[in-house]
Amino acid sequence: MDALALEAAGGKKVANGAAVAAPLPPPAPVKRKPAKKAKKAVVFFEVEILDAKTKDKLCFLDKVEPNATIGEIKSMFHKSHPQWYPARQSIRLDPKGKSLKDEDVLQHLPVGTTATFYFRDLGAQISWVTVFLTEYTGPLVIYLMFYFRVPFIYAPKYDFTTSKHWVVHLACMCHSFHYVKRLLETLFVHRFSHGTMPLRNIFKNCTYYWGFAAWMAYYINHPLYTPPIYGEQQIRLALIIFLFCQIGNFSIHIALRNLRPPGSKTRKIPYPTKNPFTWIFLLVSCPNYTYELGSWLGFTVMTQCLPVAFFTLVGFIQMTVWAKGKHRSYLKEFRDYPPLRSPILPFIL
Amino acid sequence: MCLKAKAELRKSDPSRFRATLPGVLSRLFPDSVNLTAAVVHDQRPLRVAVMSAAAPGTSKAAHSDVAPKKKKGPGALATAYLVIYNVVMTAGWLVIAVGLVRAYLARGSYHGLYYSIEKPLKFFQTGAILEILHCAVGIVPSSVVLTGFQVMSRVFLTWAVTHSVREVQSEDSVLLFVTAWTVTEIIRYSFYTFSLLNHLPYLIKWARYTFFIVLYPMGVTGELLTIYAALPYVQKTGLYSVTLPNKYNFSFDYYTFLILIMISYIPLFPQLYFHMIRQRKKVLGHVEDYSKVE
Chain A
1 MDALALEAAG GKKVANGAAV AAPLPPPAPV KRKPAKKAKK AVVFFEVEIL DAKTKDKLCF
61 LDKVEPNATI GEIKSMFHKS HPQWYPARQS IRLDPKGKSL KDEDVLQHLP VGTTATFYFR
121 DLGAQISWVT VFLTEYTGPL VIYLMFYFRV PFIYAPKYDF TTSKHWVVHL ACMCHSFHYV
181 KRLLETLFVH RFSHGTMPLR NIFKNCTYYW GFAAWMAYYI NHPLYTPPIY GEQQIRLALI
241 IFLFCQIGNF SIHIALRNLR PPGSKTRKIP YPTKNPFTWI FLLVSCPNYT YELGSWLGFT
301 VMTQCLPVAF FTLVGFIQMT VWAKGKHRSY LKEFRDYPPL RSPILPFIL
Chain B
350 MCLKAKAELR KSDPSRFRAT LPGVLSRLFP DSVNLTAAVV HDQRPLRVAV MSAAAPGTSK
410 AAHSDVAPKK KKGPGALATA YLVIYNVVMT AGWLVIAVGL VRAYLARGSY HGLYYSIEKP
470 LKFFQTGAIL EILHCAVGIV PSSVVLTGFQ VMSRVFLTWA VTHSVREVQS EDSVLLFVTA
530 WTVTEIIRYS FYTFSLLNHL PYLIKWARYT FFIVLYPMGV TGELLTIYAA LPYVQKTGLY
590 SVTLPNKYNF SFDYYTFLIL IMISYIPLFP QLYFHMIRQR KKVLGHVEDY SKVE
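Residue numbers (the working numbering), protein chains in the order written: chain A, 1 to 349; chain B, 350 to 643.
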């Protein structure tokens, strides 16, 4: 731009506006004057990192670029304290305040040229992808173990036998399909906001998923299993509901993925797309949870199994908590958020 | 996670600490300073809610006492109601205590005293369910979940074990936990009553934080022995159990369930017991310091 301005000032008459939009002239011999460079001298920051609870000085970084991000500072801190990898660092301006984001730039923060940050150890971290893969592979494998009636589960005379009820085979296919879908979505569809979560979550989550999977699978694949009372009608209806909600859930995941460019963490309001399964966005903030509930209701009706009903209920409670939280953050972040939407159940919840 | 780590966690990450058992308990127990100050020095009427739930000396979770001064207490009406509630409960458990003593004197032996106090025991122990409501409504700043857990475990033992399995009612272990509960509850409810009225005698506070040392293990022993005694009868009769096949494809084995309950005492009891010991140091320890200074 400087080049253009200087050119214009230099009197080169440009044809009536036309050539103004022309590509920039070849690197004109316009050098930044040395005086300008001095004014734009880079002021390095000094960064001091204190422990948030003990206020001990943990690290002192000098000659930090003003446009350094918190993420870069975390890497520098990690060099001096190798046990605290960046993912487990919480850097904040105030010991009791909120964590700063990795993308925050040093010079845009309310700090002087010597910045003081407080550090808190978030504990051992594990990546979301790892947790998801582990917690979803468990139910897949465990259910199949019950389905094939491996020894020590049921009485020995039933080892490696198969159920005589076709709904049991159908249930196995549906359950397995559901978890394979989840695994593939984790690998190829979801775009995670956070890279990691605390390590203890993996034990909590796996206990939940694996425990319930074993409990449900035990009864559905039991030699004394009783098929649904209303027989084929009930099973067919349940299967339709299940498949409908599976497709719906997948559509929502794709729609949410498309809101966010790869590698970014942007947040936008989701809207209905051409896919009819996404039209539910008109009424619900988190339709992925709505469809998930629908899938499990379908599975409950299909298997007519009380433990499955319990699992559906517990899952519904948890997803409602999440949906309400998400709905609240949407409302806080976006002024123009559509008022008709409910968190998880249209008009109800 | 060891206790020291939890203490550090408490300072460093309050939200995670809250999720641990001591975290939950210490959120409910006030700082000893607040308690002492509020009860001893505070001239204003103590308009704070009272913790209601079984005190030390019983199984499962213990609850906190006076709320920190920052919290708004219940209104005058709620305070009046709570005073009445706690007085009634104190009286009820006194009735049970007197009933036990009279029955002992009449019979001349410790055996079979349960039958003489069966009805008031059921009535007043079940009445403690109101305490869950108090937390839910907010006139008592305790955790609903923790209070619920505590009360329901008592109710479970009263109804689902002692009442349901007739054969254990003549066991001595029943007397063991009934006595522990009775003494504990009399002290606890009178503690709350006096706290609400802002006239807490040191003796009651001392009793509340000292008797548990004996009463808690005593109660736990009685409960465990009773459940253990009930096991053969439950297995024989299939009490509260559901077997396959059935149209809900569900089964429940009460016998296994009781065994799991017994096992759950192993991690829970030490945590709660040592938490109470620490609370005792905080609450009673300070007063000893003051007297030393003089």
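Be careful, since some hints might not be right.
Label pairs and their calculated CB-CB ranges [stated by the list, open to error]:
#, chain 1, residue 1, chain 2, residue 2, range
1, A, D62, B, S613, 49 to 59 Å
2, A, D121, B, Y582, 44 to 54 Å
3, A, W166, B, R515, 40 to 50 Å
4, A, W322, B, S613, 23 to 33 Å
5, B, F618, A, K98, 47 to 57 Å
6, B, K585, A, H169, 45 to 55 Å
7, A, E65, B, F498, 49 to 59 Å
The set of hints was computed from the structure by calculation and includes no laboratory data.
Ideal Cβ positions, reconstructed from N, Cα and C, are used throughout, including at glycine.
Structure-based check of each hint:
1. In this structure the supplied range 49 to 59 Å holds for D62 of chain A paired with S613 of chain B, their Cβ-Cβ distance being about 55 Å.
2. In this structure, D121 of chain A and Y582 of chain B meet the distance hint of 44 to 54 Å, their C-beta atoms being roughly 53 Å apart.
3. In this structure the hint that W166 of chain A and R515 of chain B lie 40 to 50 Å apart at CB holds, the actual value being about 47 Å.
4. Between W322 of chain A and S613 of chain B the beta carbon distance is about 29 Å. The supplied range of 23 to 33 Å therefore holds.
5. Checked against the hint of 47 to 57 Å, the pair F618 of chain B and K98 of chain A fails, with Cβ atoms roughly 39 Å apart.
6. Hint check: K585 of chain B to H169 of chain A, Cβ distance near 39 Å, so the stated range 45 to 55 Å is violated.
7. Take E65 of chain A and F498 of chain B: their Cβ atoms lie about 54 Å apart, and the range 49 to 59 Å holds.
In this structure, the hints that do not hold are numbers 5 and 6, in rising order.
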